[in-house]
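> These protein sequences, in sequence, are chains A and B.
Under our numbering, think of the first position of the first sequence as 1, with each following residue one higher.
Under our numbering, think of the first position of the second sequence as 211, with each following residue one higher.
These are calculated hints, taken from the structure and not from any lab test.
Given the structure is predicted, the values throughout are model-derived calculations rather than measurements.
Cβ atoms here follow ideal geometry from the backbone N, Cα and C, with glycine treated the same way.
Please note that a few of the clues may not be correct.
Stated by the list, open to error - With the C-beta cut set under 10 Å, the calculated list includes, among others, these residues of chain B facing chain A:
1) Leu297
2) Lys330
3) Met331
4) Leu356
What the hints assert, rightly or not - Computed footprint of chain B on chain A, listed as stretches where at least three residues anywhere in the stretch have a Cβ under 8 Å from a Cβ of chain B:
5) 68-78
6) 105-112
7) 152-166
8) 173-186
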Amino acid sequence: MGEAHRFPLPIVDGLRLDKPLRDTLMPGRYLHDDAGYVRKLPRYFYEVPSWEHAMNIQLTPGFALWEFIQTDVREAAPLRGFPRYVPCAITMLALCLERLRDAVGTYIHIAANGGYRSPRHALNSNATPHSWGTAVNIYRVGDVFLDDRESIERYAALARQTLPGVWTRPFGINRGETDDHLHLDFGYVLSMPRGAPEEHLGFDAERRAS
Amino acid sequence: MSTPVLHRTVSPPGPDALDALHMRLDALERRAGARAIAVAVHDTATHASFRRHADRWFHAASTIKVAILLGVYSAIHHGWLLPHSRLHVRNRFFSAVDGQTFRVLADRDANSEVHEAVGKMMRVSDLASHMIATSSNLATNLLLDLVGIETVQRALDELRIDGIDIRRGVEDERAFERGINNRVTADGLVQLLRLVAEERAFSPELSREMLGILHAQEFRNGIPARLPPAVRVAHKTGDISTVAHDAGVVYPPGRKPYVIAVLTEWEPEAAGRSATIAEVSHAVFELLTGEKSPGPDEEAANG
Numbered sequence: 001m002g003e004a005h006r007f008p009l010p011i012v013d014g015l016r017l018d019k020p021l022r023d024t025l026m027p028g029r030y031l032h033d034d035a036g037y038v039r040k041l042p043r044y045f046y047e048v049p050s051w052e053h054a055m056n057i058q059l060t061p062g063f064a065l066w067e068f069i070q071t072d073v074r075e076a077a078p079l080r081g082f083p084r085y086v087p088c089a090i091t092m093l094a095l096c097l098e099r100l101r102d103a104v105g106t107y108i109h110i111a112a113n114g115g116y117r118s119p120r121h122a123l124n125s126n127a128t129p130h131s132w133g134t135a136v137n138i139y140r141v142g143d144v145f146l147d148d149r150e151s152i153e154r155y156a157a158l159a160r161q162t163l164p165g166v167w168t169r170p171f172g173i174n175r176g177e178t179d180d181h182l183h184l185d186f187g188y189v190l191s192m193p194r195g196a197p198e199e200h201l202g203f204d205a206e207r208r209a210s
Numbered sequence: 211m212s213t214p215v216l217h218r219t220v221s222p223p224g225p226d227a228l229d230a231l232h233m234r235l236d237a238l239e240r241r242a243g244a245r246a247i248a249v250a251v252h253d254t255a256t257h258a259s260f261r262r263h264a265d266r267w268f269h270a271a272s273t274i275k276v277a278i279l280l281g282v283y284s285a286i287h288h289g290w291l292l293p294h295s296r297l298h299v300r301n302r303f304f305s306a307v308d309g310q311t312f313r314v315l316a317d318r319d320a321n322s323e324v325h326e327a328v329g330k331m332m333r334v335s336d337l338a339s340h341m342i343a344t345s346s347n348l349a350t351n352l353l354l355d356l357v358g359i360e361t362v363q364r365a366l367d368e369l370r371i372d373g374i375d376i377r378r379g380v381e382d383e384r385a386f387e388r389g390i391n392n393r394v395t396a397d398g399l400v401q402l403l404r405l406v407a408e409e410r411a412f413s414p415e416l417s418r419e420m421l422g423i424l425h426a427q428e429f430r431n432g433i434p435a436r437l438p439p440a441v442r443v444a445h446k447t448g449d450i451s452t453v454a455h456d457a458g459v460v461y462p463p464g465r466k467p468y469v470i471a472v473l474t475e476w477e478p479e480a481a482g483r484s485a486t487i488a489e490v491s492h493a494v495f496e497l498l499t500g501e502k503s504p505g506p507d508e509e510a511a512n513g
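Use the sequences and the hints to build the structure in full.
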């Protein structure tokens, strides 16, 4: 494959980042999910140099990178500026969403705080796939706002039909439920693309950090 | 370098003039059919004050938004928020009663711009402007949700303001039905606005920013309605079925400002509420400045 076709963002080993970023991204560390299971956080990230890059990098025809990293003041301070870091699984999430977009035949809008959120984001309590770059909150499909049972369950069913293995949050007002967006995720997937820093170096770094 | 503002020397109103204002307001209360009219005034030019039922508690309605503005700027002052910080616009809040979710209905909100941004982000400063200038309930709950009731209360305590009791966000119907309401006194609002007007709320810069937001008020049928056009007013109204309020800082040309809060309580759907506030404001303006502002008949004659 020629140089022009290479993915334009460098892959970084989170264990080699500066301490404020390591404390925010928690690369390779473990969190409990809501059910009490231990989940290992991503270690490899794409480095996004600027908002302009995020705006210009089209992950798929229907989704640009910025849509997955728009977080508000509740995100930890080191990730409110640039360079910013997003787990490498984000590209596969975009591919899956593109397939859903084809199925719905219109625009899919990801909510603010609804793409990647660091483990230190104030909205997170336990492990959430948002911190793996494998989850999205969709608040609008075309002109339809997903803010009632009918619209949320309709698009959740379509997502399950279109995307094998996807998990959709049930409609409701209680903890673990949603009534103003469609949450879908692919679980705690770890992605290490070719081009990631060499494993034996990473192993050393991981051992040093533990 | 800023241009110095020259203010003429003014004298405080005498006891007779204050008594006359009391009688005028007593008559107005009877004539308008209000359950209660409370007024507090502090004149920064003469340090004169006027109080009528100024420690009586009222349902705050939207005047509580001034306290929330103070809480937001407290968070900015303490460094964990910036005016240009971005906030996710999400219409989902938790009742103060039982934590159940509720929404701010778009057709009960005076501002549509914030509702149109649901799912996106808005700057804290823009939300603060919408909260005050057009009394956006959605912006209010978003900001209160962000900073927390405790932060607002701490800001009030830090500045030693009493007479403002914040318990919840707005449009929380379950809390309203249980009698859990935000409350204010005329004294409380004047204490707060006086600190802002005198640039003593956290810092001169932040006080001026808050004043700028209050100056953008779009509902002008209360305190400013019967004042001369050259008089600027930075204020916040509050209006529900049984109360109508307005509180602000009044800037007559060539004179230091005065701070005024007019709180009124009514039978549901009573008429003439804003006109009554405007008349109180008009009477206080005449007392403090000695100038006659146009009466309602003159205004009508002038078109």
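> Kindly indicate which numbered hints from before are broken by the structure, ordering the numbers from low to high.
7
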